[in-house]
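Novice: Listed below are the residues making up each chain.
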Amino acid sequence: MSASRDPITIALWAFLGLVGLYMLAPLIFVTIDSFNPSTYGTFPLTGVTLHWYQNVLQVPEFRTGLVNSLIVAAGATVVAVVLGTLAAYGLARYRFRQRELVRSFLLLPIIVPAIVFGAALFLLYIRVGLYGTRTGLVLGHALLGLPFVMAITTASLQTLGREYEEAAMDLGANPLVTFFKVTIPSIRPGLVVSALFAFVTSWDQVEVSLFITRPRNNTLPIAMFNYEQNYQDPTLAAISAILIGFAVVLVLVAVSILKTQEYRKLVERE
Amino acid sequence: MNATADLRPRAPRAQAFVVPGLLGPAVVFIVGVLLTALGILLVNSAYHFTGTQVQPRVTFEAYRHFFTDPFYARVVWQEVRLAVVTTGICLLVGYPVAYAITKIRRPNWVIAAYILIFSPLLTSSIVRAYGWLVILARGGLVNWALERAHLVASPVRLVFNFTGVTVALVHVLLPFTVFPILSVLLRTDPSLREAAADLGATRLQTFVRVTWPLSFPGLYAAAQLTFVLAMNAYVTPQLLGGGRVQVLPLLIFENISDLNWPLASVEAIALIMLIWMTMFVSNLLFRRRLAAIGDRE
Amino acid sequence: MHKRFGQVHAVRGVSLRIRENEFFSLLGPSGCGKTTVLRMISGFEVPTEGSLYLQGRLANAIPPYRRDTNLIFQHLALFPHLDVYDNIAFGLRLRRLPREEIARKVRAILDLVDLAGYESRRIHQLSGGQKQRIAIARALINQPAVLLLDEPLGALDLRLRMQMQVELKEIQHRVGTTFIYVTHDQTEAMTMSDRIAVMNHGVVEQIGTGRDVYERPRTRFVATFLGDSNLIEARVELLESEQTVLRAGDQRLVAPAGHAAGPGAAVTLCVRPERLRLVTPADAPAPAGYQNRVPARVHDVIFKGAFIEYRLTTGSGASMIAQAHANGSPAIGRDAAVAATWRRDDGVVLTE
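Residue numbers (my numbering), protein chains in the order written: chain U, 22 to 291; chain W, 154 to 450; chain Y, 7 to 358.
Pulled out of the complex, with its shape left as it was, chain U reads as follows (with noise of 0.2 Å):
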């Protein structure tokens, strides 16, 4: 590994480190203003408390917020995992005229800017009275996951191939067993993945929620950035906190995940 030390290299990595902290920076320092004592979060901290922690449980459209989201996070991910793997299935097994027009078509939500999306969803909804439901913000969020489904499972059935649902059909299992019994445990690793995307796509989901969640009813996200925009306190910074300890115990889980993998598959080598 002597290439590796190179000036360039060491210069190169030592970007990155800096990169890497910029990157942690506001999570790291929001995590300590949850502890600032002083209301407007002035560096440097005068002491420790964890008043604004209380605080959290005493602002109820966290609670009400939390409980939407993660309704809504669980419901926008069963349809858009349910829709996005049909489609993904029919898409990577079966030819057909405008397949590729049809695929770019189900891309259609991403290529639709969010906040565009939440615009006219809010027109559409006054309409037909889905405003401040959460069928409404399902519905919603699920559309922005199913593009994320659709991809990654059209990918998993890709590189899986074919031949393991002809090894099923040739002993004797019609189409729909072949569908549950080989297709759907050999994707999974896909499937969990694209329904991870799908439920973070609703849960951190602000510009369309925006539209169409009434007041005093919103998801975590939308009562957060109202807050924020109202009080400006360390408040803020605690529920941050207790969302970045969410994400960095999911981190782990994925990185021992990822770990045992590796490890897997180099034992399977040997």
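Everything labelled a hint here was simulated from the structure, so no lab data went into it.
None of these values were measured; they are calculated from a predicted model.
Backbone N, C-alpha and C define an ideal beta-carbon position, used for all residues, glycine too.
Misleading hints may appear alongside valid ones.
Unchecked claim - Simulated restraints on C-beta separations:
1. W:VAL295 / U:GLY182: 50 to 60 Å
2. W:ASN261 / U:THR67: 30 to 40 Å
3. Y:GLU106 / U:ALA176: 40 to 50 Å
4. Y:THR215 / U:ALA176: 31 to 41 Å
5. U:ALA176 / W:PHE224: 44 to 54 Å
6. U:VAL269 / Y:GLN149: 52 to 62 Å
7. W:ARG258 / Y:VAL181: 46 to 56 Å
8. U:PHE117 / W:VAL295: 49 to 59 Å
9. U:VAL213 / Y:ARG23: 43 to 53 Å
10. U:ALA176 / Y:GLY182: 38 to 48 Å
11. W:SER344 / U:VAL269: 33 to 43 Å
12. W:ARG441 / U:TYR43: 34 to 44 Å
Chain U is already provided as a structure; the job is to place chains W and Y on it using the hints.
Specialist: Below, chains W and Y without anything else, positioned relative to chain U:
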């Protein structure tokens, strides 16, 4: 042999309803929600706004207003400037970052680098915007440090202006810039670089003549993606712009709230057109170059 | 049968009658249509024209899951999410057999393929040869009328491949199922098959036992695809009842009768390298019965273990190959002037 009649048509008929059955739900969903909503938006853009409510009367006055009032030209200009500056910084920072990651050999360090660059994606843009507020505010970390070092006498305005929005927006978008570049760099066959070295190219020559041209499609994809996301940004300019950085997404929400739906619709259409036209023109400009690289691979 | 994919004619009129309990091979280069024939038999492709009968029943459009055939896939397609037992039991469970019967059958079939005790292994824990045998077990347990094999040995190294060839043949003997085997490897086909169909460009060029197609090739393609051969362009000079007299340049050659070419027709005479006997010097007498004689120069001598290969250049500039047993007698040196000789019945007259 009377089996022929009932067996033959089965396979094609199965296909005939299977494909619509699989793709139908997703297509209907997109048509029913997204296209219908966009259609209603399009219709609203033509309607008349009395100052307090929308009247379903086709006047196109919102278009006239949007295209004649110089205020909107300034907003569009500011938005494009923000997107271009952000994209430029993201590319300048993102390319070396992606390149540095490909040079790491130890798997654990690769994972660490991925976490550093991509984990902020797991936190909401609101959390990140708030983080920058903490760092850049009047009583925030940077100003405190500057004052301690006696570099400034009184707090500098770092936030609620163009600079603050740019710093935070680069932070939000950098992972999206790094990812396409990184995936192209990782896909490039390392033996191509070794072949160049073997043929007598120095490291700089190898980079300039092999690595850089082959990574151009990734760079291009990164630029497009970053630009589009910067044009669409709402949370960052709203929370860190302090009303001084006006962009179309902010106006769209503002006008919807003020019940001026025709104007909001026109602004939304303008935003889409602005983005799609940029894509179209840049694809025209770079088509030749991208096609050439595609052939070479 | 006939199969078209869009504009591409993958199979152009293939007519086969495969006997029960037979080990039948489809042999040909990649892209010759052999896999397409196999996929039509297994039901994954529907013939564009023609009829496919399985045990006397027209089966053109019966889907694969209702067909009494089982296929061993090229990459085996053992389900990675199931263990060995669940893989093998897959077909039986779909037929809703009682649990005990499934267990009994799986045990029996694992005995047959010599892998008893491997029930709970994961697929990725198996070696290449073990995977092969599990794939065979998974197919055979359904007692198919026909077992189809799509080059399943391709991924194995040479030694294991040869071992598996013998094993496959043995398994086929024991269970007595009809095997249809697709391969591009002529030794593989000859080692295992009762009969071989040689395919090229979507057409069957010849059907016969391994010995038949090797020793009596009917076309130039068959002669060159199976082993090495010396092809000599010639013209029919005289047809006699027992033999054909040919002329190749200024050479007069005799070959057996029993072909369709008339006097004056352009034909190809095929002689296998191991049938050639070299004599040196070039004008030395040939062994008795070796009536054909072509003077040549030794261009290269290659020692191949069991035999020695001589690369020759004839007087007219054509190349020939001769093989001699490496039985300890001294090899003929490079650049030696020799004559390649062979008996009348060592040659085959090819008209296609």
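Novice: That 46 to 56 Å hint for ARG258 of chain W and VAL181 of chain Y (C-beta), does it hold up?
Specialist: Since ARG258 of chain W and VAL181 of chain Y have Cβ atoms about 53 Å apart, the given range 46 to 56 Å holds.
Novice: Using the beta carbons of THR215 of chain Y and ALA176 of chain U, state whether their distance is inside 31 to 41 Å or not.
Specialist: Cβ of THR215 of chain Y to Cβ of ALA176 of chain U: about 48 Å, so the range 31 to 41 Å is violated.
Novice: In this structure, is the beta-carbon distance linking ARG441 of chain W and TYR43 of chain U contained in 34 to 44 Å?
Specialist: Taking Cβ atoms as reference, ARG441 of chain W and TYR43 of chain U lie about 36 Å apart, which means the hint holds.
Novice: Within 44 to 54 Å: is that where the Cβ-Cβ distance between ALA176 of chain U and PHE224 of chain W falls?
Specialist: 45 Å, holds
Novice: Falls inside 38 to 48 Å, the C-beta gap from ALA176 of chain U to GLY182 of chain Y?
Specialist: 45 Å, holds
Novice: Honestly, do GLU106 of chain Y and ALA176 of chain U meet the 40 to 50 Å range at C-beta?
Specialist: 42 Å, holds
Novice: Within 43 to 53 Å or not, the Cβ separation of VAL213 of chain U and ARG23 of chain Y?
Specialist: The hint (43 to 53 Å, Cβ to Cβ) holds, given that VAL213 of chain U and ARG23 of chain Y are roughly 51 Å apart.
Novice: For the range 52 to 62 Å, tell me whether the beta carbons of VAL269 of chain U and GLN149 of chain Y fit it or not.
Specialist: This hint holds: roughly 56 Å between Cβ atoms.
Novice: Return holds or violated for the Cβ distance of VAL295 of chain W and GLY182 of chain U against the range 50 to 60 Å.
Specialist: 54 Å, holds
Novice: Taking the CB of PHE117 of chain U and the CB of VAL295 of chain W, does the distance hold inside 49 to 59 Å?
Specialist: 58 Å, holds
Novice: For SER344 of chain W and VAL269 of chain U, compare the CB-CB distance with the range 33 to 43 Å and indicate the outcome.
Specialist: For SER344 of chain W and VAL269 of chain U the Cβ distance comes to about 39 Å; the hint holds.
Novice: I want to verify a distance hint. Is the separation of the beta carbons of ASN261 of chain W and THR67 of chain U within 30 to 40 Å?
Specialist: 39 Å, holds
Of the hints listed earlier, the one the structure fails to meet is number 4.
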